[in-house]
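These protein sequences, in sequence, are chains D and Z. Under the numbering used here, residue 547 is the last one in the first sequence; the count climbs by one each step, no gaps. Under the numbering used here, residue 235 is the last one in the second sequence; the count climbs by one each step, no gaps.
Hints listed in this document are in silico derivations from the structure and should not be mistaken for laboratory results. These numbers were taken from a predicted model, which means no experiment stands behind them. All residues carry an ideal CB built from backbone N, CA and C; glycine is no exception. The reader is advised that the hints may include incorrect statements.
[To be verified] Cut-off 27 Å, straight-line C-alpha distance, at most; resulting in silico cross-link-like pairs (DSS-like, lysine-lysine):
#, chain 1, residue 1, chain 2, residue 2
1, D, Lys399, D, Lys344
2, D, Lys445, Z, Lys230
3, Z, Lys97, D, Lys507
4, Z, Lys171, D, Lys399
5, D, Lys274, D, Lys386
6, Z, Lys110, D, Lys441
7, Z, Lys171, D, Lys347
8, D, Lys441, Z, Lys226
9, Z, Lys110, D, Lys274
10, Z, Lys98, D, Lys197
11, D, Lys196, Z, Lys220
12, D, Lys196, D, Lys165
13, Z, Lys114, D, Lys507
14, Z, Lys110, D, Lys155
15, D, Lys417, D, Lys386
16, D, Lys351, D, Lys445
17, D, Lys344, Z, Lys233
18, Z, Lys219, D, Lys507
19, D, Lys402, Z, Lys110
20, Z, Lys233, D, Lys445
21, Z, Lys227, D, Lys344
22, D, Lys197, Z, Lys171
23, Z, Lys144, D, Lys402
24, Z, Lys144, D, Lys399
[Unchecked claim] Counterexamples of contact, computed for chain D against chain Z with all Cβ distances above 10 Å:
#, residue
25, Val149
26, Asn187
27, Ser281
28, Ile503
Single-letter residue listing:
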Amino acid sequence: MKLHFNQLLLLLLAIFTSYTAKLRGQGLNNGEIHGNFQLDAQYYNPDSAIGAQPVPEKFLMNSFANLIYTNGDFSAGVRFESYLNTMLGFDPRYKGTGFPYKFATFNRDNFSITVGNYYEQFGSGMIFRSYEERGLGYDNAMEGVRVKYTLLKGIHIKGLIGKQRYYFDLGKGIVRGIDGEVALNELVTEFAEKKTKIFFGGSFVSKYEVDQDPIYVLPENVGAWAGRVKVNHGGWSFFSEYAHKINDPSSVNNYIYKKGGGLLVNTSYSQKGLGINLSGKVIDNMNFRSDRTAQNNDLLINFLPALTRQHTYNLAATIYPYATQPNGEMAYQGDITYTIKKGSKLGGKYGTTVLVNYAAANGLDSTTLASGLGYKADYTKLGKVYYKDFNVEIQKKVSKPLKFTLFYANFVYNKDVAQGKVNEGFVYANIEVLEFTYKFNDKHALRMELQGLQTRQDMGDWATIVAEYTISPNWFFSTVNQYNYGNPNEDSRLLYPIGQIGFIKNSTRVTLGYGRQRAGIFCIGGICRVVPASNGATISISSSF
Amino acid sequence: MKKAIFLLLLTAAISDYSMAQKQDYVIPAVDIKKMDGTTFNTANIKNDGKPMIIDFWATWCSPCKAELNAIAEDYEEWQKETGVVLYAISIDDARNVDKVAPYVNGKGWEYIVLSDVNGDFKRAMNVNNVPHVFVINGNREVVYQQNSAAPGDDKKLYEIVKKVAKGEKIN
């Protein structure tokens with residue numbers, strides 16, 4: 003019988019666990035097992051009006067469970083995942099059941115070693131980030147070995163090698179990387195008590211992928227490096243990271259032999275009652291994957307988040323969301339949080355908070371080059387507009403039971419770029435939200451959101467009403483009604499109602515729902531998931547122990 | 065084969081779990097970051113034998129912020145009465161991590177705010193989604209968890225914290 007790496011690891015874990023259990027019996031050891039579980043399932047009704055796809059299985063389910071065993075310096079764990087079959091909106095290559103994640107870690111003194119699967123990030127992630135977003139079905143966990151070592155106090159080094167997760171399989175490329183970070187104030191004794199904290203970091207990542215292309219000579223080893231600096235002084239903070247990648251022809255960049263680069267600068271100031279954040283970045287040909295033919299969210303080695311506000315109100319978050327364009331983008335953002343003092347005229351009895359945010363993303367101003375080098379970008383100029391977002395939010399507590407939030411946003415959205423459409427052009431949209439929460443007593447509360455979106459383009463105007471009644475700490479009842487009353491196509495002026503009941507007991511949460519789900523784009527960080535329209539009953543169970 | 069091994073592991077795990085004399089849950093040790101950028105090991109989440117709250121949140125999580133803002137109003141009183149310390153663990157990634165300190169200071173929170181930018185501590189604590197709040201007793205054991213943040217949940221949380229401060233058992 004041939005044992006695979008995965009099976010061998012599981013076997014080792016099992017032996018170790020049962021061995022320590024025996025030791026425990028003799029009163030020698032003190033291990034712990036903890037974990038979590040989540041299940042999401044839906045029964046699908048046919049609904050041709052909203053364009054819901056027929057579901058031959060009628061019922062689809064995604065679920066996972068993590069188990070982590072910890073014993074002193076040792077920990078090990080597995081994640082079970084099951085997609086029977088994959089719910090709509092998740093990649094159908096997640097199919098069936100398995101244990102795609104298992105690890106064992108040993109920590110001692112300054113040293114930590116992990117075998118199996120792991121997640122890791124170097125700097126801001128511009129050349130390496132391995133992570134999971136289970137709600138989006140995103141997981142590029144590494145499978146291999148990682149070592150962390152604290153060389154001296156204040157010098158942290160990480161080294162890793164592995165292949166990336168590709169649904170229930172692994173990508174064919176090998177990823178290797180090393181990262182070092184120096185905390186100057188910990189390293190140099192004279193700096194220990196200084197108010198200014200300084201950090202330097204550097205990383206190198208390389209991927210290996212065999213070249214079997216019959217025509218092109220493609221680089222089999224592609225290296226990328228990055229350097230970063232962070233300075234903190236009281237309320238001031240400055241961070242910058244610069245990244246460089248050698249030529250890396252791929253299907254995403256149309257197989258050009260161009261070098262890649264990225265620069266991120268962020269500075270912020272804050273004091274009690276005031277926070278200001280300014281940031282800017284340039285991304286030029288920074289698509290980085292362990293398979294040059296991979297697309298969408300597959301086998302990404304790096305992480306290039308959008309430099310825009312992550313909206314939470316439904317109409318602002320899921321109709322026109324923006325994600326970084328890895329082939330080229332210049333973006334900047336300003337963000338202010340200001341709390342008007344309690345007792346002042348504008349602040350009222352409880353204070354008033356005002357948030358203002360402006361973000362813009364443009365393409366690169368570039369000239370096409372002959373041969374396979376692609377283009378040359380002029381960083382002193384902005385290219386065409388990809389996205390603009392100006393938004394203001396005012397939060398005010400009026401009295402002990404009543405508080406409200408007013409929100410306004412104006413979007414300019416290049417649909418061709420952001421959603422990969424052809425000749426659909428720009429969408430100009432205004433969004434307004436009034437949210438209030440009224441507490442009847444210490445247990446009962448009602449929260450409502452009235453949202454409106456107006457645009458002359460795309461699907462036209464929308465209205466949304468959210469009502470949520472909560473009985474702390476165990477129950478919630480909510481309804482979300484969305485109405486596309488301004489759709490230029492009269493047959494699409496549809497109502498999307500959803501009702502939900504939730505029961506929460508400590509760390510267990512059960513939610514039942516029924517209704518129509520509008521098609522939308524759900525994003526967390528730099529990753530988005532397109533959710534198709536559906537109609538039906540849903541159940542969701544989440545627990546941790 | 066895979067299934068057999070998993071079953072073996074599960075049996076071992078359960079036998080191990082049931083053999084434990086007390087079902088405590090000691091905070092795992094993971095390196096995350098303080099707001100000033102310094103590395104912080106979660107083994108240092110301590111409060112001299114007094115209760116602690118570990119609250120996982122994010123700048124994009126409205127219910128999380130609503131609850132932390134509600135607690136902020138009474139936090140001084142909570143601290144005086146019970147000696148409790150609240151660790152607010154932001155799970156914001158590189159997109160929003162630089163907005164955490166401006167938001168926290170803009171709101172005037174007095175919590176110990178830590179940044180778990182790649183979800184390492186979140187994973188180690190088996191947190192599925194935010195908000196997720198833990199109450200920790202003086203022996204650094206998890207005695208209560210709540211996976212929600214509805215208006216009024218802060219009151220329930222304070223009831224628990226008061227019991228922990230008095231050394232009473234939590235069911």
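We went through each hint and held it up to the structure:
no.: 1; hint: D:Lys399 / D:Lys344; in the structure: holds (10 Å)
no.: 2; hint: D:Lys445 / Z:Lys230; in the structure: holds (24 Å)
no.: 3; hint: Z:Lys97 / D:Lys507; in the structure: violated (31 Å)
no.: 4; hint: Z:Lys171 / D:Lys399; in the structure: holds (13 Å)
no.: 5; hint: D:Lys274 / D:Lys386; in the structure: violated (39 Å)
no.: 6; hint: Z:Lys110 / D:Lys441; in the structure: violated (34 Å)
no.: 7; hint: Z:Lys171 / D:Lys347; in the structure: holds (18 Å)
no.: 8; hint: D:Lys441 / Z:Lys226; in the structure: holds (23 Å)
no.: 9; hint: Z:Lys110 / D:Lys274; in the structure: holds (25 Å)
no.: 10; hint: Z:Lys98 / D:Lys197; in the structure: holds (14 Å)
no.: 11; hint: D:Lys196 / Z:Lys220; in the structure: violated (41 Å)
no.: 12; hint: D:Lys196 / D:Lys165; in the structure: violated (42 Å)
no.: 13; hint: Z:Lys114 / D:Lys507; in the structure: holds (25 Å)
no.: 14; hint: Z:Lys110 / D:Lys155; in the structure: holds (22 Å)
no.: 15; hint: D:Lys417 / D:Lys386; in the structure: holds (13 Å)
no.: 16; hint: D:Lys351 / D:Lys445; in the structure: holds (23 Å)
no.: 17; hint: D:Lys344 / Z:Lys233; in the structure: violated (38 Å)
no.: 18; hint: Z:Lys219 / D:Lys507; in the structure: holds (15 Å)
no.: 19; hint: D:Lys402 / Z:Lys110; in the structure: violated (33 Å)
no.: 20; hint: Z:Lys233 / D:Lys445; in the structure: holds (23 Å)
no.: 21; hint: Z:Lys227 / D:Lys344; in the structure: violated (32 Å)
no.: 22; hint: D:Lys197 / Z:Lys171; in the structure: holds (23 Å)
no.: 23; hint: Z:Lys144 / D:Lys402; in the structure: holds (22 Å)
no.: 24; hint: Z:Lys144 / D:Lys399; in the structure: holds (25 Å)
no.: 25; hint: Val149; in the structure: holds (14 Å)
no.: 26; hint: Asn187; in the structure: violated (8 Å)
no.: 27; hint: Ser281; in the structure: violated (7 Å)
no.: 28; hint: Ile503; in the structure: holds (14 Å)
The structure is inconsistent with the numbered hints 3, 5, 6, 11, 12, 17, 19, 21, 26, 27, although it conforms to all the rest.
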